[in-house]
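Enquirer: Chains as they are written, first to last, in our numbering: chain A, 166 to 293; chain B, 166 to 293; chain C, 166 to 293; chain D, 166 to 293.
No wet-lab data here; the hints were simulated from the structure.
Errors might be hidden in some of the hints.
A pair counts as met if it fits within one copy or between any two copies, since identical chains are not told apart.
Unchecked claim - Dumping the calculated SDA-like pairs for lysine to any residue here, alpha-carbon to alpha-carbon at most 25 Å:
id	residue 1	residue 2
1	K271	I255
2	K231	R283
3	K185	F277
4	K177	K264
5	K226	Y281
6	K264	V274
7	K271	G229
8	K264	N180
9	K185	L253
10	K185	E275
11	K226	L184
12	K177	P284
13	K226	Q193
14	K232	E263
15	K271	V221
16	K282	T220
17	K230	N268
18	K230	V187
19	K282	R270
20	K226	N191
21	K177	W192
22	K271	N191
23	K231	E214
24	K177	E233
25	K282	E222
26	K282	C265
27	K264	H287
28	K177	L253
Predicted model, so just to flag it, every value in this text is computed and none were measured.
Protein chains: 4
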Amino acid sequence: MYDKRHIMDSLKDLNERHLKFVTDRNWQQHQSPKNLSMALTAEVGELIEHFQWLTVEESWKVNGKKKEAVAEEMADVLIYLTRMAGELDIDLVAAAHEKCERNERKYPVEEFQDGYKRPHEHKDKDKY
Amino acid sequence: MYDKRHIMDSLKDLNERHLKFVTDRNWQQHQSPKNLSMALTAEVGELIEHFQWLTVEESWKVNGKKKEAVAEEMADVLIYLTRMAGELDIDLVAAAHEKCERNERKYPVEEFQDGYKRPHEHKDKDKY
Amino acid sequence: MYDKRHIMDSLKDLNERHLKFVTDRNWQQHQSPKNLSMALTAEVGELIEHFQWLTVEESWKVNGKKKEAVAEEMADVLIYLTRMAGELDIDLVAAAHEKCERNERKYPVEEFQDGYKRPHEHKDKDKY
Amino acid sequence: MYDKRHIMDSLKDLNERHLKFVTDRNWQQHQSPKNLSMALTAEVGELIEHFQWLTVEESWKVNGKKKEAVAEEMADVLIYLTRMAGELDIDLVAAAHEKCERNERKYPVEEFQDGYKRPHEHKDKDKY
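Bound-form chain A, shown alone (with noise of 0.2 Å):
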């Protein structure tokens, strides 16, 4: 099990700030669950947009002006997701530390030792 005591100190600080950002501005009224799932969602398409056309190598060397364009999108997405954890009480690092777990044990290293394999030609015996 993951020890708790050390999670949502960054992202507390953030999830704070932010929240102050928003009460202060009376938006929390609009901030429903499923409000901030479509905000993340057109967040992480102006994401995507910036990777589509480019190919993996160059997605790599991402830098300058991009990189940080890149970077504003993906603290988009962070400040919606904790604004959204936030009001589903959701422990985010706690969950994603309990969907580590999940996968360390869903895709065993032994099966993935020749070097190439991906998650999606694993070969789940029961069901997934």
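Start from chain A and add chains B, C and D according to the hints.
Expert: Just chains B, C and D now, with coordinates in the frame of chain A:
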């Protein structure tokens, strides 16, 4: 300016754990920023699906099994977002604070005192 | 079975026009299904942005400049969707009719006589 | 100008069939443009998932079961897109032709004779 000393702690743990999971399975080669932006989008799609037919009010009351499923999708978004930040060497929390600063300037508190105006109803005199 | 004789007419015109636009600019090389799925996502992100802070009721009353902007984003989605179908040699309208058939069987009319039940409130006895 | 006489035929059939399916189940009340934009996004998320770990080259060679699954997701996108156009009284094909016209003017053929330049590498002198 945001003091960077305290950032990237809970997220740092998560990043390290997930990166180990990925490298143990030889998956880093597939995790270009381009591909990760797609994986991120797919997870956001799964998240929004939970809210598409709900009313705004119902979306605030999500609980039980549905809340767990929502938390899992949000965890996936966080995992891919931090993974992508890692590949691009972007400090996600610092970028989020910089974005908060820009937003705080862009949407002056005084303009939103009436109690209902939403972000898109804000008239930016210049460009925007 | 859906009679395929009449399908792909208005969409056929659109496809041909857009494909000429693309090939005239040497862009087909960049328009892999992978890249097109990203472009499609980016356009859907722009579309959803118009609706994120609207109430459900407001979303039905979109008009004027906003309606024009919405129509343009929807047009972009259709253009990339048909372009992607072209690259993959998929008959989009036939696929849609096949999906309609599956949906008609999957959600029996009798189960939705009560007047409010939504798709996700449907109990599929078997799998689903 | 595009001649509107011939548009909305194959899509018209599809629209009518799907609208009947929806009204027979009392679902139109849930299908606001807001909700439909979310459903559209969720389907695009399922579509992009099929391509996220593929190379660009693999994405062109999708076939068999995977191609069928891709076709089904694309069908879902088309169904929700036309459904949304119906709720908003937008002529989707006409809007797409108008967009084609704007694109044809915006990206002059002469600028793309070198054989590799992509849309985002186009310098628009004015705004954009």
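Enquirer: All the hints need checking, so say for each whether the structure fits it.
Expert: Going through the hints against the structure:
1. When the C-alpha separation of K271 and I255 is checked against a cutoff of 25 Å, the pair qualifies only within one copy, where the shortest distance is 23 Å, while the shortest distance between copies is 29 Å.
2. When the C-alpha separation of K231 and R283 is checked against a cutoff of 25 Å, the pair qualifies only between copies, where the shortest distance is 16 Å, while the shortest distance within a copy is 29 Å.
3. Taking the closest pair of Cα atoms, K185 and F277 come within 25 Å of each other only across two copies (13 Å); inside a single copy the shortest separation is 46 Å, beyond that limit.
4. Proximity of K177 and K264 under a CA criterion of 25 Å is satisfied in both settings, with 20 Å inside one chain copy and 16 Å between copies.
5. Both within a single protomer and between protomers do K226 and Y281 lie at most 25 Å apart by alpha-carbon distance, with minima of 22 Å and 19 Å respectively.
6. Proximity of K264 and V274 under a CA criterion of 25 Å is satisfied intra-copy only: 16 Å inside one chain copy versus 38 Å between copies.
7. Taking identical chains as interchangeable, the C-alpha atoms of K271 and G229 lie at most 25 Å apart only when they sit on different chains, with a minimum of 23 Å there against 38 Å within one chain.
8. Proximity of K264 to N180 under the C-alpha cut-off of 25 Å is found in both arrangements, the shortest distances being 22 Å within a copy and 13 Å between copies.
9. Only within a single protomer do K185 and L253 lie at most 25 Å apart by alpha-carbon distance; the minimum there is 17 Å, versus 30 Å between protomers.
10. Proximity of K185 to E275 under the C-alpha cut-off of 25 Å is restricted to the inter-copy arrangement: shortest distance 14 Å between copies versus 47 Å within a copy.
11. Taking the closest pair of Cα atoms, K226 and L184 come within 25 Å of each other only across two copies (19 Å); inside a single copy the shortest separation is 34 Å, beyond that limit.
12. Proximity of K177 to P284 under the C-alpha cut-off of 25 Å is restricted to the inter-copy arrangement: shortest distance 24 Å between copies versus 32 Å within a copy.
13. For the homomeric pair K226 and Q193, the shortest alpha-carbon distance between copies (15 Å) is at most 25 Å, but the shortest distance inside one copy (38 Å) is not.
14. In this assembly of identical chains, K232 and E263 lie within 25 Å of each other by CA distance solely across copies; the values are 14 Å between and 31 Å within a copy.
15. In this homomeric assembly, K271 and V221 never come within 25 Å of each other (Cα to Cα): the closest approach is 27 Å inside a single copy and 27 Å across copies.
16. In this assembly of identical chains, K282 and T220 lie within 25 Å of each other by CA distance both inside one copy and across copies; the values are 21 Å within and 13 Å between.
17. In this assembly of identical chains, the alpha carbons of K230 and N268 lie at most 25 Å apart only when taken from different copies (19 Å versus 35 Å within one copy).
18. Taking identical chains as interchangeable, the C-alpha atoms of K230 and V187 are never at most 25 Å apart, the minima being 28 Å within one chain and 28 Å between chains.
19. With identical chains, the CA atoms of K282 and R270 are at most 25 Å apart within one copy only, with a shortest distance of 17 Å there and 37 Å across copies.
20. In this homomeric assembly, K226 and N191 come within 25 Å of each other (Cα to Cα) only across copies, at 21 Å, whereas the closest approach inside a single copy is 40 Å.
21. When the C-alpha separation of K177 and W192 is checked against a cutoff of 25 Å, the pair qualifies only within one copy, where the shortest distance is 19 Å, while the shortest distance between copies is 30 Å.
22. Proximity of K271 to N191 under the C-alpha cut-off of 25 Å is restricted to the inter-copy arrangement: shortest distance 15 Å between copies versus 44 Å within a copy.
23. Taking CA atoms no more than 25 Å apart as the test, K231 paired with E214 passes in both settings, with 11 Å inside one copy and 22 Å between copies.
24. In this homomeric assembly, K177 and E233 come within 25 Å of each other (Cα to Cα) both inside a single copy, at 24 Å, and across copies, at 21 Å.
25. In the homo-oligomer, the alpha carbons of K282 and E222 lie at most 25 Å apart both inside one protomer (19 Å) and across protomers (17 Å), since each shortest distance falls under that limit.
26. Taking the closest pair of Cα atoms, K282 and C265 come within 25 Å of each other only inside a single copy of the chain (19 Å); across copies the shortest separation is 35 Å, beyond that limit.
27. Only within a single protomer do K264 and H287 lie at most 25 Å apart by alpha-carbon distance; the minimum there is 18 Å, versus 28 Å between protomers.
28. For the identical chains of this complex, K177 and L253 are neighbours both inside a copy (15 Å) and across copies (23 Å), given an alpha-carbon limit of 25 Å.
In the structure shown, a violation is registered for the earlier hints numbered 15, 18, in ascending order.
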